[in-house]
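**Student:** Chain residues, written in single-letter form:
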Amino acid sequence: MIISAEALELLIVAATILAAAAPIILLVLWLKDRKGGNLW
Amino acid sequence: MNNDAVLDASTGWLILALFSIAWIWLGWWLGRRAEGLEGFMLAGRKVGLALGTATAMATWVTSNTTMAAPQLAFQMGIWGMVGYSLGSIGLMLFAPLAKRIRILMPNGFTSGEFIRLRYGKTAWRVFLGISLFYAFGWLVSLGMAGGVLINALTGIDYHVGMSVILAVCVTYTLLGGLRAVIGTDFIQALLILTGIVIIAVLAINNVGVDRMHSAVLEERPELLNLLFPAAIMFLFNNLLFGIGEIFHSNVWWSRAFAFREGVGFRAYMIAGLFWTPVPIVAGFVALTAPALNLNVPAADMVGPMVAAELLGVGGAVLVFIVVFSALASSLDSLLAATSDLVLTDIYKGHIRPQATEEQLAKAARWVVLILGIATWLLCWPRLTTLAELLYLTGAFVASTIWPVAAGLYWRRVNPAGATLAMLLGTAVGLTSYFVVGFYVAALVSAAISMALVLLTTWLAPREFEWATLNVQEARS
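Protein chains in written order, with my numbering: chain A, 347 to 386; chain B, 1424 to 1899.
Derived from the structure by calculation, the hints contain no laboratory data. Cβ atoms here follow ideal geometry from the backbone N, Cα and C, with glycine treated the same way. Be a bit skeptical, because a hint or two may be false.
[Unchecked claim] Some chain B residues judged to face chain A by a derived CB distance under 8 Å, without partners named:
1) Ala1466
2) Lys1469
3) Ala1473
4) Leu1613
5) Thr1617
6) Val1624
7) Ile1627
8) His1636
9) Leu1647
[Unchecked claim] Capping the alpha-carbon separation at 30 Å, the derived lysine-lysine pairs in BS3-like fashion look like this:
10) B:Lys1469 to B:Lys1771
11) B:Lys1544 to B:Lys1771
12) B:Lys1785 to B:Lys1469
13) B:Lys1522 to B:Lys1544
14) B:Lys1522 to A:Lys378
15) B:Lys1522 to B:Lys1469
16) B:Lys1771 to A:Lys381
17) B:Lys1522 to A:Lys381
18) B:Lys1522 to B:Lys1771
19) B:Lys1771 to A:Lys378
20) B:Lys1544 to B:Lys1785
21) B:Lys1785 to B:Lys1771
[Claimed, not checked] Listed next, with one range per pair, are the computed distances between beta-carbon atoms:
22) A:Arg380 to B:Glu1684: 17 to 25 Å
23) A:Ala367 to B:Asn1893: 36 to 44 Å
24) A:Ala367 to B:Phe1556: 44 to 52 Å
25) B:Lys1785 to A:Ala353: 54 to 62 Å
Please model the complete structure; the sequences and the hints are all you need to start from.
**Tutor:** Here's what the structure looks like:
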C-alpha cells in the first residue's frame, strides 16, 4: 500500500506549516509573559 | 580527521567558539538572579508559559531527533518519521500529570522524592536505580553523539568536540542552574525550529514532492509503503519508550516543579503539539536523496548531505547550528535534572540527611561538576556499547509508567505491587529485548508492570493520604 504523492505532500506541507508557526507562537507567548511580568 | 565532513574544520571551530561563548555568557547572565537552593535547582518555581513551553520542546528535540529523523526516514520511510513524531504523545500525556504534580507537591524537588513518599524506601531505591541508569545512559549517549556529530560535520577530532560541548554545558549549568538551562533552551528552540523549516522549504521548492515521490518509488518503493512491518513495530515501541522516559525522568518532573502554578498543563500540551512535526520536517528531506542523485555512504549523514546539496556551505552551517543547539538543550537539562536527583535522593537522602539549605546549595554545584566529569570520562573511550545502553533502557523506563501514573491518581495503589511492577517489568522487558528484539522491550515491560499494579491493587488495596506528599523537608 503505497502513499500517494498528494497525501505525502499534505503530510509534509502541514508539518512544515506547524513547525514554522511554532517559533512565532513562542515569541508571542514570550512577549505576553514579559508584558505581564510572568516570564520568570 | 574526517575527510567526508560537509564543513571545513576552521568554519566548524568558528561556529563552535561563537556559540560556546554565547551560551556561557547567557547562562551567567540569566543565572545571576538565581538565589538559594530553589533558585538554582528550580528557577524559583516561577517559570512562565513561554519559557516553559520552549524548554519542554527543546529538551525533547535531541541530536537524535535532528540527525536520526532523516536517517529513519531513509531506512524506514514514511513510518520512520511519523513513528518518531509520536514521541510527542509522551509530552502531551505528561501535561495532566504535571498539573497534578504541582498541586500535590507544591514544595517538591524530584521524581525520586515522590516515589519515596508515595511507596516507601524500597520502591524509592528500585526507582533510583532505574532513573540513574537511564540518566547516565542518556548523558553518555548525548556526550558521545556530540563528539561523533561534530566530527562528522566538521572533521574536528571526536575527543575535542565531545570535550567542548560537555565543558560548555557544564559551565553554564554551573553558573546559572535551571534558569540558565531554561533561558538558553528558549533560544535553542527558536534556532532548531527556524533551521529545520528553512531546510524543509528549500527541499520542497528545489526538488518538489512529486519529483521526490517518483524518484523514491523507482529506487526504494518500500519507503513509501504504509504496511512496512519493521517500521510499524518501531512506531509502537517508540511510543511506549517515549512515555516511559518522560513519566519517570526528573528532567520532566523538575520542570513541573519549576513552572508557575497553572502553567504545567498548557506548557507540556503546546510543547507536544509543536514537537509533533519536528521529526517529519527534519526527516522527509532524506527522501529527496534519490531525486538529487546523492550517493549516501552512511544513513546517519543523509540529513547534512541533503542540506549541503541544497544550500551549499550555508546549509551545512545551518545543520551544524541546529545539531549543536539540539545537543546543548538536552545535555544541559539532563545535567541539571540528574544533579537534582543525586543531590536530593542520594546526597541528602542517603549520605547527609541533616544537610542545611546552604550546604545543599553548595553541594548542588559540586554535583553538576562531578556529573560532568563522570560523563566525560565515560565518553572518552568512545565505546559504542555504552551508547547502545540507551536502547536497553526502554525495558527499564517503561516499567515505571504505571507506578508513576497510578501513584499520582489512585489512592489505593499497593506499594509492594508498584515495587514488584518496576522490578519484574524491567526483568521481563530485558529478557524479551535479548530473546525477541529491541522493538518489544518497552511494550513487554509496560504490560507486565501494568498487570502487576492492577492485580496487586485489586487483591490488596492500601489507603494513602495525598497530604503526605506536601512536605518541605528538602529545605529544612
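**Student:** For every hint, state whether the structure bears it out.
**Tutor:** Hints versus structure:
no.	hint	in the structure
1	Ala1466	holds (7 Å)
2	Lys1469	holds (5 Å)
3	Ala1473	holds (4 Å)
4	Leu1613	holds (5 Å)
5	Thr1617	holds (6 Å)
6	Val1624	holds (7 Å)
7	Ile1627	holds (7 Å)
8	His1636	holds (4 Å)
9	Leu1647	holds (5 Å)
10	B:Lys1469 to B:Lys1771	holds (24 Å)
11	B:Lys1544 to B:Lys1771	holds (14 Å)
12	B:Lys1785 to B:Lys1469	holds (22 Å)
13	B:Lys1522 to B:Lys1544	holds (25 Å)
14	B:Lys1522 to A:Lys378	holds (21 Å)
15	B:Lys1522 to B:Lys1469	holds (14 Å)
16	B:Lys1771 to A:Lys381	violated (39 Å)
17	B:Lys1522 to A:Lys381	holds (24 Å)
18	B:Lys1522 to B:Lys1771	holds (26 Å)
19	B:Lys1771 to A:Lys378	violated (39 Å)
20	B:Lys1544 to B:Lys1785	holds (26 Å)
21	B:Lys1785 to B:Lys1771	holds (13 Å)
22	A:Arg380 to B:Glu1684: 17 to 25 Å	holds (19 Å)
23	A:Ala367 to B:Asn1893: 36 to 44 Å	holds (39 Å)
24	A:Ala367 to B:Phe1556: 44 to 52 Å	violated (38 Å)
25	B:Lys1785 to A:Ala353: 54 to 62 Å	holds (58 Å)
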